[in-house]
Amino acid sequence: MTAVSKLLRRSEAAVLAILIVVMIVIGVINPAFWQADNLFNLLRANVVIGIMALSVLTVMISGGIDVSFPAFAVAAMYLTVIAMNAAGYQGVVLPFIGATLIGLVCGLANAFFIHTFRMIPLIVTLGSASVVRGLLLGLVGTSIINIDRMPPSLIAFGSSTVDIGGSKLSLMLFIYIGIALLMWLFLTRTMAGRAVFAYGDDAESAKRVGFNTRRTVYLVYGLAGALAGFAGLLHSSMIWLANPRDFVGYELDVIAAVVLGGASIFGGRGSVFGTILGVFMLTLIKNSLIIMHIDNTWQGVVVGCVIVIATALTAWRDRKALV
Amino acid sequence: MAEPLIELRAVTKRFPGMKALDSVDFQIFPAEIVCLAGENGSGKSTLIKIVSGVYDFDEGELLVAGKPVADFGPRAAIAAGIQVIYQDFSLFPSLTVAENLALNRLLSEGNTFIDPKRRRQLGAEALARLDVAIDLDATVGTLSTADRQIVAIARALMSETRLLIMDEPTTALTGREVDRLFSIVREIQAKGIAVLFVSHKMREMLEISERITVFRNGRKVEEGPTDEFNEARITRAMTGHDIGHERHVWAGDDTTVPRLSVRNLSVGEAVRNVNLDLHKGEIVGLSGLLGSGRTELAMALFGMEPHSGEIRLDGAPLRLSSVQDAVGAGIAYVPEDRLSEGLFMQQPIARNVIASAINRVTRGLFLDRDQLNVLAEQTVSDMRIATPDIEKHAGQLSGGNQQRVVIGRWLLTNPKVLILNGPTVGVDVGSKAEIHRRIRELAISTGLAVLMISDDAPELIQNCNRILLMHRGEIVDCMDAQSVEEDDIHGRLKGLR
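Going down the list, the sequences are from chains A and B. With the working numbering, the residue at position 221 of the first sequence is 221, and numbering never jumps. With the working numbering, the residue at position 371 of the second sequence is 371, and numbering never jumps.
Extracted from the complex, chain A is given alone in its bound form (with noise of 0.2 Å):
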C-alpha cells in the first residue's frame, strides 16, 4: 500500500475532504462566508466545543462515553466567578487553576463509580450530570452573573488577542491549538495516552501486558473533568457572562464532533487531528445554518442527522475492519 492511499484511508481524509466541499458549498450560497470576520467568528466558536471534545475523545478511545462534562463545566465556571467576586479577586491564572481543578475533582469521582463498581460510564455520567446540576442550582444559585458583575479580568483576558500579520487572532485560539498539540502528545508520544488506547481496545489484555487499568481509568476521566472545568471557565470569559444553566445540549454537538472525527464508539480508535476537524465541521454547520437564516429549533435537527449518519459510518467502517 503506498503512503497516499494509505492516507486516504484514513478517516481524517474522508473528514477533510468533505469539510472543503461544505464550504465551497456554503461559501457559492452565501458569498459572506469568506470574509475575515466571519471566519474568525467560526474558529473562536470551536474553542470551547473543541477542548470539550478533546476530553471526550481521551474518553470515547478508552472504551467509554462522558455525558457529565457539560455540567463540570457550569459547576467551575459558576463556582469560579462566584469565589472571584466574593473575594474581590482580579487575576487570571489562579481562577483557571481553580475551574480545572473543580472539574478534576468531579472527573475522578466519576472515575471511582466506573471502576470501583464496574459500573457502566453512560449511568454514572448521566447521575453525576444530574447530581452536579442539581447542587449548583440549589445551593449555589440561580441567578445570572452579567456583564457588569463579571470580574474584569476575565473579561480582558477572554477578547485579548495576537497580532499576527496585521489582522488580530484571538489568544483562545492559540490556547486551543496549545491545549490539542498537548493532547496528541499525550495520546501518541506517551506510555499514559497508549494504554488508553490499549484499555479501550481489549481492557482484559491491557491489564494482562501490565497495564495498570485503575491508573488509566482515573486517567481518563480525571482528565476530562479538568477539561471540563477549564472550557467551562474559558467559555464565561469569552461570552462575558456566568450562567449556571449553560451549556445544555452541548452534550449532543460535543460528542457530534468526536464522533464525526472518526473516533470509535467501541473504543480504541480516534485521533486529535480527526476531532478538531470534526468540531470544525459541526460548528461550521451550525454557523452557516444561522448565516442562512435557518430557525435555530432546526439546528438539533442537523446535528441529531449528524451523529446518527457519522455514527453509522464508523460503526460500519469497523465491522469491514474485523472481517
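Please note that the accuracy of each hint is not assured.
[As the list claims (entries may be wrong)] A partial selection of chain B residues facing chain A, derived with a Cβ cut-off under 8 Å:
(1) L91
(2) F92
(3) S94
(4) L95
(5) L103
(6) L106
(7) F113
[What the hints assert, rightly or not] Away from chain B, derived, C-beta distances all over 12 Å, residues of chain A:
(8) I20
(9) G27
(10) I29
(11) F112
(12) H115
(13) I144
(14) G178
(15) L181
(16) L185
(17) Y199
(18) M238
(19) V248
(20) S264
(21) L284
Treat the hints as calculated values from the structure; they're not laboratory data. Quick reminder that beta carbons are idealized off the backbone N, C-alpha and C, glycines included.
Since the structure of chain A is already known, use the hints to place chain B on it.
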C-alpha cells in the same frame, strides 16, 4: 538431570466448595516441550494460572530455579521468564502489529514517552527472531488468526523468556497452520526455551510434546515421556474410563430416494456446482481447509446464503431462501461458533433449549411453562447435560455442555437433516464421546441424516460412513470411512493447496 525451571511441590488450591488442585507436584525443565492434558475443570487452567502468578495457592511450595518463592505474582512470573499465550491472544486489534509487539517491552522499561522509531524497530526485531514476515503497520484486527497467534508468540518472546505457556493453541488453526506453529515451537525449543502446551487434541499432543502430564479432578493422574502414551491411554487417564472408539456402521440402503439431495448447488464463487446426497440415517463427513466453501455450503442448506441449484428433501423440491424455510422443512444447523451464533449466554438452559421449538410450547399467545419445563428437562437428560437444574445460565456451563444445549435445542424441532459445523471444537474428550454417541443413536433410531463438518479426522472416521473433502468450492474427494485411516485424511488435506 538439570534443575527444574519451575517446580510445584504438593500445591493445593481451593475454591469455595472444591479443590481445584489437590497436592500437585509438577516440574518443567529447560528446553522441554510438555503437554498438559485434562478435561474441562480438571485443574489444568488453575495450574497455568498458578505458574503464571495469576492465582495464589493455599498449600505447598513453588520453586523457581530451585529456590522457593513466596508471593509469586504476575510480575514475579514475568521476571522469572514465564509468558502465557491465552486462547484469545490478548492482543489489541486496533493497534498496529509493531505497537502490539513493542508495548510489553516499552512498558516494562518504565518509559513515560514513546519513540515511534524504536517501537517499530522492536517490532521488527521480534518478527525477525521467528523469521516470519508480517506487515508491521497492519492493524492486528485485519490479520488472520494464525498470524495473530504468531504476533502473540513473537510478543511473548521479546522478553527473556524461559517458559512459554500456550493455552489451546491449535483450536482455531487449519492443518497447515498447525504445522507452521509446530515448526516455530521447535525453533523456540532450540533456543533453550521450555514450552508448556495445554490442549484437548491428543493427536497434536503426541506429535509435538516430549512429556505428557494428565490431570483429572484436580489431581495429577499420569505423567511420563510421550512415547509411552497413545491416544487410548491419554483418554483413559483423562476420563478415568475407556471410551469406545467403534466406528459408526450405516446399514441403510443408498438406492432409495435420498433424504436430502443437492444438485449443482452454487454460492457465488465460494461453492461451485456441488452434488450431494444424504440418505436416511447416514452421517456424512465434510472436511477441507478453511475457506474451502464448506461453511458456505452449510449456510446455503440452512437458507442463510443465496444460492442456485436444486435441493430436494425426500424427493420433493425445496426452496431455501430463509432460515424459516429451512427450519420449516426440518433442517437444523449447529453453527461453528456457538458463542456468537448459537447460545443466549445470559439466559437459562430451559429457554436456550426451547428457542427453536417455541411453537411446541405456546398456547395462543402465551408460553406454556409446564410444557416448556418438561421439554427442557427431557433434553437435559437426553443429552446428559451436567447441570443442577434447567435455570442455570448457558454461560455458566462448560464448552461441552454448551454444545449439548445447542444440539439438544435442534433435536427438539424433530429435524430430518442435521448439519453440524465443528460439533466438538473446544469440547473435552468425555463430552465429545457423549455428543458422538447421541448423534449416532439418533441417526440409527430416527433416520436423521447428518452432515458433519469437521477438521478432526478421528471424529470423522468414528462417526461417518462417508467423508467428503471440499476444496475451492468443489467436492474433490469421497472416502469410505470404514477403510480410511487418519493419516490418509491428513495426507489428502495437506495435498490440497
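| message | Hint by hint, where does the structure go against what was stated? Just the numbers, ascending. | response | Structure breaks hints 16, 17 and 20.
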